[in-house]
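*Asks:* For chain L, the structure is supplied; the task is to place chains E and Z on it using the hints.
Residue numbers (UniProt numbering), protein chains in the order written: chain L, 1 to 362; chain E, 1 to 362; chain Z, 1 to 362.
For the record, the hints were derived by calculation from the structure and aren't laboratory data.
Note that this is a predicted model, so its numbers are computed, not measured.
Hints are not guaranteed to be accurate.
Because identical chains cannot be distinguished in the list, a pair is counted as satisfied if it fits within a single copy or across any two copies.
Said to hold, decoys possible - Below are the SDA-like pairs computed for lysine to any residue, each with C-alpha atoms no more than 20 Å apart in a straight line: (1) K359 with D332; (2) K81 with G190; (3) K81 with R335; (4) K193 with S106; (5) K81 with T315; (6) K359 with E330; (7) K163 with V284; (8) K97 with Q76; (9) K81 with V313.
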Amino acid sequence: MTGNTSETAALDGAALPQQDIRRVRSNPDFWYPVAWSRELRRGRAIGVRYAGQPIVVVRPEAGAIFALDDVCPHRQLPLSKGVVCGDFIRCAYHGLKYSRRGQCFSPGMKLENEPPRLRTWACREKDGLIFVFMGDLEKSDSIALPDIPRVRDPHYRTRRFGKVVQCHYSFMHENLMDMNHQILHSRLVGSMKPRFLGMDRGEDFVEARYTFARTSGRQPLSEALIYGQRRKDGRDFAYRDVMTIRTQYPYQTLQIETEGIDEPVMELWIAYVPQDREELTNRVFGLLSIRRLKIPFLLDLAWPLLIAFTERVFTEDREIVELEQQAWREQDGDRNQEVFPVIMALRQLLIQNGMPSRKDIG
Amino acid sequence: MTGNTSETAALDGAALPQQDIRRVRSNPDFWYPVAWSRELRRGRAIGVRYAGQPIVVVRPEAGAIFALDDVCPHRQLPLSKGVVCGDFIRCAYHGLKYSRRGQCFSPGMKLENEPPRLRTWACREKDGLIFVFMGDLEKSDSIALPDIPRVRDPHYRTRRFGKVVQCHYSFMHENLMDMNHQILHSRLVGSMKPRFLGMDRGEDFVEARYTFARTSGRQPLSEALIYGQRRKDGRDFAYRDVMTIRTQYPYQTLQIETEGIDEPVMELWIAYVPQDREELTNRVFGLLSIRRLKIPFLLDLAWPLLIAFTERVFTEDREIVELEQQAWREQDGDRNQEVFPVIMALRQLLIQNGMPSRKDIG
Amino acid sequence: MTGNTSETAALDGAALPQQDIRRVRSNPDFWYPVAWSRELRRGRAIGVRYAGQPIVVVRPEAGAIFALDDVCPHRQLPLSKGVVCGDFIRCAYHGLKYSRRGQCFSPGMKLENEPPRLRTWACREKDGLIFVFMGDLEKSDSIALPDIPRVRDPHYRTRRFGKVVQCHYSFMHENLMDMNHQILHSRLVGSMKPRFLGMDRGEDFVEARYTFARTSGRQPLSEALIYGQRRKDGRDFAYRDVMTIRTQYPYQTLQIETEGIDEPVMELWIAYVPQDREELTNRVFGLLSIRRLKIPFLLDLAWPLLIAFTERVFTEDREIVELEQQAWREQDGDRNQEVFPVIMALRQLLIQNGMPSRKDIG
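Next up, chain L with everything else stripped away, as it sits in the complex (with noise of 0.2 Å):
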């Protein structure tokens, strides 16, 4: 390497921090999707969990819902297993109450200290979602919820899917991100040539944008419905759609755009949760979002159709990163030598977005 710019620096692998990905915190200065609306009727309580930290969401008989530490300070119970009665969270063991602003109201126990009061969460919902914002409190009104415009545009259908999936967040965000991975789906969707048309990248986000011919195979009909038609020139997928790919830290989504059609014919919004504390699982909250059909309710019909179709494709990409993270266990670290640009970058984003491992700074 004769030119060494700032920019292939960036992009060497050498000079990247001496930090091992997966162990990398994600930033909790952010919203993040605890559970999903219909999780939580009205009068009930969820116990969730933000990178170890236990979360009970409450949703009153009436009001907002709100969130406390899921913990009872007096024998630390999970306060999720209790009862909502009122506005109030009930421990199921002695019956302290907490209230939406975690103030402890107790039932004839005549305490001597000070009634313990416990820590509250900004917490939010929003299509379909409940965030919440682990951060600094006083940013939290600055930073604004995600925007996921296409699941109340009527033009589209929106699919949520989700499970926790055993690995770090960042094997999520590189496997969405490398469409080189096509081969893993090739049971699915027939062989796919990704051609690679460029990426752009910034302080907060990495985009990169593909092309994708049809090898070999036929098209799925799953396919076909989400592009409209089935192409009867031959130039069947032949480099005429557009894919973006783009982690929006700490969020991700991906785009499909094709020759004709203003809008585009998929929308993807994904965000990886981290469970635990070395956050070496995580929580997927996804929204697929495919633009609705000219004839009406054909995409209705073919929906479950389509549902089975992404689960697959989901389930394969879930076998993968966590053998990935398998692997990084039994090798006790990071070893990939990544040679792609787009996901050295994407890499480097993380790092540099995220918080140092609890093993680096002692």
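*Replies:* Quick look at chains E and Z alone, frame taken from chain L:
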């Protein structure tokens, strides 16, 4: 706090020794139950544990039971996997035989070294329980076996119950002693308002007395059976009964007395025997004795109902104490903010009568 | 002990090196079986292990099998999850292809770094077994594959068996070599009294010879089939047969010869292949060859019975050695008080031919 008497100082959390109560080991200088008599038939052996020590209890075809280390010195196999031959226990693998005094008799093997000798443990049987004494053998004669007279009293019928519970024994003592947790069982027993009547304490015991009023819900049939009748005077369960809970180290009892009956309507004797070396699991041995009713056989008829009722209460308690233990693990130690003087006294009792944790003594 | 010859000194436990035999690693300079030939069809790959090292064995559509590290250097995924294409194995994730020499061929990816190269392992096939050589590659040509001639001898029928057993391989060697454990199988074979006839030992082997007398119980039918007939002369199994057990490092054999028949009635060849890095689990590859009887097809008719019989013996042994391993874990090391000279010699053999534990060499 202005008047700082020695009593309040002793109750004050800050004055307690800086020990994590969940690490305090049980004192071995007592008789601990390790099995029910009915579990061990003639000519059989059973493998049990006390605080990580494997013990084999043998019931020969003739004569009294005996207890040895459950490890064959030759190849370290559990002798309890072997066979009882006459007054000997024979190892399953190579057939080495051990007497009740732990002496080895080796069939057909030319031993070059001195035959190994097994440790023996004092072992007695009473009231359907098999007890061992794991402490200083010289003390075993002066320390009495626990007395549970109701078991032999024809006016009572006794239920034996117990399971392995995944928690430190101290959680069990606290659970039973703190009647403010009635709310946990409200689905089973309705709303009960406990009134704390007072406590007594000594070097080796803590005793608390309560009475109750039903605030809502109907008295369950199973409960009525214990009290002999459904109350018709509208004062249903209103402060007419006294419940006395006593930890007489290391055992625990619960007694209910009611107006107009000389003897208790119910008496529970219960022991929590640490299983693993860290003493974070315990096996429960409970004897629940209920006074027979005036109508003969009525209690026997209702027995299955009573079993189901007590089993469900026990299950609710078990779930709670296991959640407490789990929180202790996650938080890496005891974070309880205990405020109830009875429980604070009980914790002190368990610490002072128990053994310091291995961690603390190095 | 008065006469302290060098021989007795060598057998004396105190004179043994202070190594825990359960930490001694197997010597990699031998051919170890890692799979049955029938497990690996044409055009397929299989993932196996030797002492923690993951290996992929590939059987291309044409040509001989080959073995590589089962880790794609790009993202550390097991290549055995991939697909065989011609003479290549292709990674499931991004499609990187590797030749039998471990060279990487990358389809459509612009690699900036030198393509990574995988380690290859010597790999051969014989008698229905796939062997690898994990030691010094230069030695692989001079070290012979094990010879198991009965497998190819039409006078014998051979059963292949094996499972993963959760113990160090040394427990397996000791189990088979010490015939004083016949008592373990007394429910299956009746009471057998072993008589030790003597032993031989050399730098790389220990051999023990026994004969047996039945002391009670009837000879099982399955056993009679091995010996060709039920003995009618009342001397049933009384010291007429000789059983020879030999550990020829690292393999083991067992042979039974009986009066009046020139060739052995039974021959067992068995290998124990460490699976994990600590070598505390092993996969068993056993070949049990039984001489055909005079009446044609009688052995074939009885075959299912023989399989069931040997399977039950193997299961009893497996339970025992896994209990031994469990005791080793609980006691945090080897506490065996071995007294039988054959086993003491065998332990010495395994230590001297094996590799020091990683712990001991730092």
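*Asks:* Now look at each hint and say whether the structure bears it out.
*Replies:* Okay, the hints, checked on the actual structure:
{"no.": "1", "hint": "K359 with D332", "in the structure": "both (14 Å within a copy, 18 Å between copies)"}
{"no.": "2", "hint": "K81 with G190", "in the structure": "between (47 Å within a copy, 18 Å between copies)"}
{"no.": "3", "hint": "K81 with R335", "in the structure": "between (41 Å within a copy, 19 Å between copies)"}
{"no.": "4", "hint": "K193 with S106", "in the structure": "between (65 Å within a copy, 13 Å between copies)"}
{"no.": "5", "hint": "K81 with T315", "in the structure": "between (31 Å within a copy, 15 Å between copies)"}
{"no.": "6", "hint": "K359 with E330", "in the structure": "both (18 Å within a copy, 18 Å between copies)"}
{"no.": "7", "hint": "K163 with V284", "in the structure": "within (5 Å within a copy, 38 Å between copies)"}
{"no.": "8", "hint": "K97 with Q76", "in the structure": "within (14 Å within a copy, 50 Å between copies)"}
{"no.": "9", "hint": "K81 with V313", "in the structure": "between (35 Å within a copy, 16 Å between copies)"}
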